[in-house]
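Engineer: Spelled out, the chains give:
Number of protein chains: 2
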Amino acid sequence: MKQILEIFSQGEELVTGQIVDTNAAWLSQQAVEIGFSVTRHTAVGDNKSELIALLSDIALRADCCICTGGLGPTIDDLTAQAVAEAFDAPLIFDELAYEQIAQFFSNRKRDMPESNRKQAMLPKGAERIDNGWGTAPGFSIKHNRCWFVFLPGVPVEMKNMFQQRVLPSLPHRFSLEQGTLITFKTFGAGESALQELINTIEIPSSVQLGFRASTDDVHIKLLFPSDYPKQQMLALIDDFSKRLGDFVFAIDGLGEVTGDLVFEIDKQMTTRNITLGVIETLSHGLLAAKCIGYDWLFSSSYQQSSIKSDAVMDVMSVLETMAYEYKKNCVIDYVLLQFYTGDKDCLHSKEKSVEMYVVLLTDTGLHKTRHTIAGSIQRKQNQAALLSLDLLRRYLSAKL
Amino acid sequence: MKQILEIFSQGEELVTGQIVDTNAAWLSQQAVEIGFSVTRHTAVGDNKSELIALLSDIALRADCCICTGGLGPTIDDLTAQAVAEAFDAPLIFDELAYEQIAQFFSNRKRDMPESNRKQAMLPKGAERIDNGWGTAPGFSIKHNRCWFVFLPGVPVEMKNMFQQRVLPSLPHRFSLEQGTLITFKTFGAGESALQELINTIEIPSSVQLGFRASTDDVHIKLLFPSDYPKQQMLALIDDFSKRLGDFVFAIDGLGEVTGDLVFEIDKQMTTRNITLGVIETLSHGLLAAKCIGYDWLFSSSYQQSSIKSDAVMDVMSVLETMAYEYKKNCVIDYVLLQFYTGDKDCLHSKEKSVEMYVVLLTDTGLHKTRHTIAGSIQRKQNQAALLSLDLLRRYLSAKL
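Sequences listed follow chains B and W, in order. If you're matching positions, the first sequence starts at 0 in numbering that gives the first Met the number 0 and goes up one per residue. If you're matching positions, the second sequence starts at 0 in numbering that gives the first Met the number 0 and goes up one per residue.
If you are wondering where the hints come from, they were derived from the structure by calculation, not from laboratory data. Among the clues, some could well be false.
The list cannot tell twin chains apart, which means a pair is met if one copy fits it or any two copies do.
What the hints assert, rightly or not - Here are the simulated lysine-lysine pairs, DSS-like style, with alpha carbons at most 30 Å apart: (1) K266 <-> K343; (2) K349 <-> K266; (3) K108 <-> K351; (4) K266 <-> K108.
None of these values were measured; they are calculated from a predicted model.
For reference, chain B alone in the conformation it holds in the complex (with noise of 0.2 Å):
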């Protein structure tokens, strides 16, 4: 049986949308790889009946909570006083927490303000979890089924506190099972049409099946669970890459690192040391601006002109005379072109759509494709940097 986690963060600042909850994806993240099932994150402000109901709700649903936040000096950090009404702990003063402040400050040559005593009050029962990076002390605590650890919301105190004082002592409380998270990458299909692709495998009942939609790629993973066997979960592996075919460009968790699209281009550029030169229409300098950092992208250049389209049947023709003459005058192993046709109002309208042409001139030759992109100009945009990278992955890789 798997055992449960929530995270629970606590703030105003939250709730109200002035900051983005990093902490609970953060921790989430830490708390899956050493095998816990996160089912919940809540945030709540500044209110301490909403706290206190929260609280004893999590008590009885989950085996860990990890809250962050509401332990600060001020008067709106209402977290210590809620878990003392909420468990029936009373607030007790507690002497080494309360040196630790006092330490802080005079480590920095400042008076500690009266308000920051208030930080030294933990509930009763509570362990104290030693604070190095900021003032507050957070605290660990039981109650019903859940053992609840509370910490600052400050990332870098929250961080450090968790992995160096709460991480080491999870696997001793609770019994973990880590299991085994396989990712693959794709591109080029959407979601349903990748599912009707592995729609006939049979996926046993233990591994859970998953997909994320970006606007860049799309992933599928499956998470076995740590007593699954090897041999047949290489198996499933190979079952799912077989079907998803040259949609995927990568695939994560079997010990080889992975990025994004460019990134594993990068891998073949590097190693066999090619260079490219690309001009850009419809992407307008996005594909070069995807490949920052990497020193194959040689030359880059946008142009506003799209081909009218009652020229349709030459693009193709026009696009290779060109690519031979890039080549020709600049010192780069390939060639990149993209060209689309269709007037302004195609271009804006979401509802319209543009043809786009790619053509890829390398040392065996050109290779050739046609999209048709719809959607706001900036998804034309991003797909046409992404689908003409595309075309030079799947030379690459020599699946064309």
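Since the structure of chain B is already known, use the hints to place chain W on it.
Structural biologist: Frame of chain B, contents of chain W only:
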């Protein structure tokens, strides 16, 4: 009595920490700005019983709930099914939703996978919210005290649907006391430097001051209550404007439509009918990419080589010569050139900085600027694009 709103996000990738829930913060800001009291954010994974329990709880304690995610075509997208069970509203096939999904695929000349049919199933009594930016339609449904709005989790779809289809209806549906929100959009100074500029201004306690820093700009927000005297409001805005000076590129909330830095540049370039040619180095195509859709950017090229640091003294004169050459060869009005000094290590290292030189050649002559840019390679790239554009912006608004 303030109307209570909650945010509810669904997705295994959220609770496992694979992605950070930026949707929740964005939606909260919007809700606070029109007068809601946002009390709680909750994220849960792909677990139907968790979803049902949460929906039932929220229905009793909030007046409005904005839900994102879980509307995709795959089997792990469970939101509509959970709503059906929680609110006793069985799923019904929505003919029009189906046609819209089919249209989405035919626009892209792709076959519609059978699995997308699932997205046209909406709970009985729900009102469909059309999705013009992707496949999954959203929907709204009232249960007990709460009016629920369900939107896809993909940010671009969620944001467009919320702003165009949900936001306009909220003031009619709820009794909200909407104040006046004034936003100073700034570029070129950090949050704390801006804070220094305004920290001697006395701000009445009924006016809320807020900062929002993104990778592209910093917004300073003043939220005035609905009954705040107009003259005093304008006086305070004027005071802020004077102190913040030309860091402000737009003021939102005074009637004029404002956008990002490029949008503001476009207003001037289009009115004056000016064309621009650009050579990028550090921004690596990103400057051109940010200008997609605007006709005044005539051409742009990216060149790999940076000038060696022993030539620093001459950089400006080299750039000046290049700018005049460029203008002579192309039929353009303005030329914007960018170069940087610093080796590959400086570019890649987060701890090191590079020096960027920008030259703008206009009909009134040469305008120059120089910046030290630090941070990750992506930050350097983005700052290079924005700082170069900002030289143009300052020139155009006659603030040079």
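Engineer: Hint by hint, where does the structure go against what was stated? Just the numbers, ascending.
Structural biologist: When the structure is compared with the hints, only number 4 turns out to be violated.
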